[in-house]
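Enquirer: Listed below are the residues making up each chain.
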Amino acid sequence: MAPECLERLRSIFPGERLLLDPADRLSCSFDASFGEYVPEAVVQPKSKEEIAGVMRLANEFLFPVCPRGAATSLSGGPLPVKGGLVLDLSQMRARLEIDRENMLAIVSPGIITGDLHREADAAGLFYPPDPSSSAVSTIGGNLLENAGGPRGLKYGTTKEYVIGLEAVAPTGEIFRTGGRTVKNVTGYDLTRLIVGSEGTLAVVTEAIVRLLPRPRDRRTLLASFPRFIESGRAITRILASGILPAAMEMMDNACIRAVEAYEPCGLPADAEAVVIIEVDGHPRAVEDEIEQCARCCREAGARDVRVASGEIERDRIWRSRRMISPAIARMGPTKISEDATVPRSRIPGMMERLVGIREKHRLNLVVFGHAGDGNLHPNIITDKRNKEEMRRAEDAVGEIFQAALELGGTLSGEHGIGIMKSAYMEKEVGEAGLAMMRRIKDAWDPNNILNPGKIFPEPGRIKVNLTE
Amino acid sequence: MNRQPEYGSSATAPESAVEPLFGEAHESANRCIRCGYCLPECPTYRSMGREAQSPRGRINLVRAAAEGRIDISGDMASPLDLCLGCRACEAACPVGVPYGRILEAARTASASAAPATGDQKRRRRAERIVLRHLFPHPRRLRLAGNLLWLAQTTGMKSLALRFSPQGIVPPALMALGGAPPPIDSPRRRPAPGAVYPARGKRRARVAFLQGCVMDALLHRINALSIELLREAGCEVIIPRDQVCCGALHAHQGDPSGAAALARRNIAAFNAAGADFFVNNAGGCGAMLRETAHLFEDDPRILPQARAFQEKWRDLAEVLVEFGPLPVRKEFPGVVTYQDSCHLRYVQKAAEAPRILLRMIAGERFREMDAACDCCASGGIYNLLHFRESMSILDQKMKNVAKSGANVVVTSNPGCHVQMALGINRAGMKNKTNARHLAEVLAECVLDRDGGSSES
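Chains as they are written, first to last, in our numbering: chain Y, 297 to 764; chain R, 2 to 456.
Chain R with its partners taken away, still in its complex shape (with noise of 0.2 angstroms):
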């Protein structure tokens, strides 16, 4: 037997993807010093059992495919593709490893590279449809989740099922057809170019992010989240102009398209005269607090880039700092808390969410085990890899169960459908839903509107 045994038949001859992978990404791989801190924290560490699919494991093998030691798109591609890019092992990492920029290195060069396997293909094609043709288009998306409550309505949910291969794409967006989001009447949309004063004495003037998936399916909760805005003393605008964030489009190895997205946004916003950029989605707020760091080798934008990085705040930190919010009523049943991974560990804005639960709810806010663990929606994940995210949402639902919860409370659109999903699964749905955590301060906060709501 050998010392060093050769590598699989696959280990191939450095491909153009190589270098551009290094300079990104070897670096920050390097400084790895192999712990292992980081592996209990891993969802998919955690429910796969396999090195490969922890971070320790992932960096390892992105250090060995950009030293061309191992093929980029089969044997690198794999166990980062089931990567959900919580970034908990960050917040665990004792020296500081930039995984999310190992990441979105690796998932670059992988999507450059040749895809290895049938499988792998399927789900490239699954992702360009989703990321090129509908997140950047609102009324597509709008479109799409509009059919997809038909197809629930009207029985067609099986034939859907069967038409899909693998199951992959619709389970995701059938859980939301099936505990539909009221589609409000287009006049009830905010409006680009809008202002909304503040009620009583100005504190703050905030522009707003709509978001595509927000602004599409979830739109009542931006028209809540701007309520509560106004209530908290801010006077909101929604910049003319503003596109998607760009967060899945990073995420999934297209850092020119999120590029593009982010100076179209820099503009809109920048020009908004704002104090404040206000988000209510954990994922789109990560991303935009981390706009820099895609113009680090374009000096013209990247002050302005830092600029409006830098004046991002998730929903619930605008309205902790400006509150308190006038509590009309408290809120009826138990409520507990998800924790949306990206406002967790990038954001670090774990306890806003809870300080205006406990507000609402009191002592029947209750946190559920391991509330900061990864739900495994992971953007567009429960969509391209549904076996690997049901295991792990199953799991989760256990410690929903087990608080007792009338309701789980969110903080991002994909966190959302994904618990809609869970509860579904579970079989809860009568006892338990989920909801955005705007709706729930909205019904205990606002006079009207919000107080009627049900999803």
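In isolation and in its complexed conformation, chain Y is listed as follows (with noise of 0.2 angstroms):
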């Protein structure tokens, strides 16, 4: 970066909140996926007209802006892999408002979606959106990557809750899109042309989120199936009975006995597969339909299942599911973490493939996911020291987003493009679709300042690229 360009930046962030120290910027190289890229300077603004300031800043000496949140990225969102400027705006968190009677709540983007999920419940309200990253990661990063979670099947994701943004443009306006009714048809929707864009149109500096009534009452249960086949009959058959629940959550077999080797669950180590299922609402309404759905897994072959009776089992329930995690850590220090996703009739077809993948591959790879939304987390775990077990790893990934397509899907559910999937976007959106999404992005980004080199595949790559 010239000189005279850090100045005027110095001149923006005086004290400490322009980092340049190797020590600084090496720990913003990162995020939860993959690789390290070292940008040449870090700013932790806390305010609009800073980050105006820095947009205008880039254009003119043309350097790269990258937003960042709490890094929590599983497809390498906020990495300055293009070098550059990281904005790191963890530490804009000055506002956490709810306004109770309009239902909704107006957010800074460093504010931890956790901390909002307390304050919504501690008003009687609720903020569905659920990344499981939620007690890390930042409403922000939450936003422009369209998070998900379980909860996507009943309540969506981010998207259906974004109302009303306030953002910085890559030319350096400050401006408003939305606003806080629920109902908004005035001109383009440029909110949800916002959100998911993987910060490479906008950054956002305040959010206008909409705050649903919270659920009174929740019953969870969990079934196991002897054939992975006949879990699928048992969601098929709940939703078709018209119930619908609020999270559907299924484990492969190879995932059932990480997580019984790492933490006995009590989960059986020779089921296919096995469901969590959870129904939230009315106290009388939830007691009728979680025994229905427990008919439904029964009748669709489940060998055993177990109803909750209180929040000791209910805990104890989720408890197996959030042992995956760690359980499937223990078997590798890589984990290569996929979202692909296909209509929910085809999750049978998707496991299938899956199944050939792994043998062909020669792979550890195990399956858990949100079976209700056809949300699948198919997770290679690798050692990325292995560069020969790493290309076959690049392999596999390359088949799992080419069966995902072929069975109508899509590369990612809620992790995002990024820099991980960028080489198949062509594959998914046609040629005319990439290209104009292309000129929205040349629209508002001329010179292409905002997270370069994220969404839109570099020329001549092909495939994704897990060992540079």
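Simulated from the structure, these hints should not be mistaken for lab results. Computed from a predicted model, the values in this text were never measured in an experiment. We treat Cβ as the ideally placed atom computed from N, Cα and C, and that holds for glycine. Check each hint, because a few of them may be wrong.
Stretch-level coverage of chain R by chain Y, calculated; a stretch enters the list once three of its residues show a Cβ under 8 angstroms from a Cβ in chain Y [claimed, not checked]: (1) 40-50; (2) 432-444.
A few chain R residues facing chain Y, derived, Cβ under 10 angstroms [what the hints assert, rightly or not]: (3) R35; (4) R57; (5) I302.
Taking the hints as your guide, dock the two standalone chains into a single complex.
Expert: Here you go:
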């Protein structure tokens, strides 16, 4: 970065909020995915004006600007792959305001999603999106990546809740989208365009999110199935019976065995699938619905159905789900976590393809995920120091994407494209579709300043690269 | 602009410390999946708001230093120096990264590398004085405590402060001077080799650790702890030739110093013929319960070290296990509890002190918000990093004030001193004081002695 440019940055961020030390720059070089890209500088803005100043400077001196929340991304969202400046928004958290009357919250981008959950709950309200990282991740990151979570089936993902934004354009203008009303059809829906844009179209400086009344009760069950196909049948039956559970989580046999080996939770080691189902709502409704869910499971061939009788048992059931991550991490230091998603009816077909891929590439591949919405998480456990196995993993990842697309699904249900899946974009959205997206990016960000290298494939790159 | 910009000018060729650091820490650091679940648990990340001051950031810096990609004494050491070592991150880690081990390896590496800045040099000197010339020498410690108390009572405090570099050393000890524990006459100090019979039926024989700071500055608490143990049916022996647990040495990058002390303690305690070994300082207990890792390469002593570490218990755990203690009167006033990080996160004994406090104070035991967050005493962290420590402490004192407590109870001398300091700084001295768990229990359980204490 030119000395004059640094001088100007310093005038925007006097004191300690411009970080140039190698330790600070190295610490903003990674996220929860792959690769390490060291930025030239890091700034910690506190106001939209400072961000606007950064964007104007970036257009003048032509350096990349990469927004970063808590860096829990699994697709490389915040990585400064082209160097430049990291815009660390984790400290921009002045505002977390619950508007009980209008059932909404106004939040600064650095607010931790879990804190929003807590504040909403204290007001008798409910912010449904619940990515598993919500105790750590920021709402700004959740928004730009359009984060999901187990509740996606019933409640949808982040985009369903964002109704207004304050943002800074890549060219430095400060603007607002949407507002405080649930209904709003004034002009283009820029709110939805920015949500899920992976930080390539604007920097969000404040968001207005919709809240729901908190469900009064919930009931949970765990069902194990001797055959995988039966678990799929149970899920279809439940949904066909008119019940929309708050969560339907499944794990495959490899996953079950990993959990039991790590910390016995009483899962049957010979079951091909275990499904956790939770219903929420009015106490009388959930009572009836959980019984019906249990009946559907039994009729579909479940061997064992456990309905939690209280919070302690409910917690025990969810514990087995929470143990998946640590359990599979014990099997190897590198975890490639995918989120290819298929239409619900194609889950058994997808499972079959995944088993084929596991055998073909001789990889340790376990599957769990949000079965209700077809969002599976095939995880490959490997060791990034083993280059040969990593190359097999790359091939396997490509085939997983291919399978999802062939079954009518998508590359990513909730993690985002980032740098991990950009090589496959055209396969899903087509040449014209990708060109339309690129036109939007070019119009908003003519100098390609904001988070370059994401979403759009790099020329010549045809598959995921995990070994560089 | 380059795709992979150069690191700073401080990047150097691999130093001699790189190789051992790689051996000690790289495999462990490599286990981090960078999920970031440790971030909200880290007191320094919360107060400083920088990734480099988070466990995930620090683990990554150690990994980079072990690979020779960044400089150990400059780039890696500063953020690692600022870690409190509370190990709350370990409890939050979904994949079990042994952060404590990584930290010790990093501190050892940076201690053997040349200091990069003047600031580091000054800290290193202060550290050396404290670790080599103060803590292992009970008499000097006692003298230091008395001198500080004298300085406080004769109004020399401002003078002392003015002469200390950046106010680094005295303020924390000064606070102790501001609320001095009554220094008992030496004949009341528990004597090495003494055996105290159990009251009533003997249910266990325990060997008691006097500790260095506890013995020098807070030895009355030791005496009360012994009385409480007797009350719970324990015969208490004070093994001769016991020494400091070595926790500060291990944490500040001197594992051989820690191992030398551990050898002496293993011999002293294993010879005592006790069912359990008991201590009343969370930090010491954590160190003692992890003794074996100091001797992983020494098969001759490893089995003894393992047997030794298995026997350690915190005072509160033993009092709960062999209790209930006879409560003669309810504790007057509102009590809150500040967790000792190492008692909670390493010894996993967060409940026992609370059970005892509920027993004596009932409803008037009130949890403060974030009681489990580190108070930033951190061994001698508050001496070496005064400003950073105080910013965390002042936040903690707001929670203390909100709880409405008259007494903040602790289970570790470092936390005890820090709470006393916090109370002073917050101007709460006339309504709140800091006390060790043993003191408040003694007041309600023992007939004599404990009841009249003021501190």
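Enquirer: State for each hint whether it applies.
Expert: Here is what the structure says about each hint:
{"no.": "1", "hint": "40-50", "result": "holds (count 3)"}
{"no.": "2", "hint": "432-444", "result": "violated (count 0)"}
{"no.": "3", "hint": "R35", "result": "5 angstroms, holds"}
{"no.": "4", "hint": "R57", "result": "8 angstroms, holds"}
{"no.": "5", "hint": "I302", "result": "30 angstroms, violated"}
Hints 2 and 5 from the list above are not met by this structure, while the remaining hints are.
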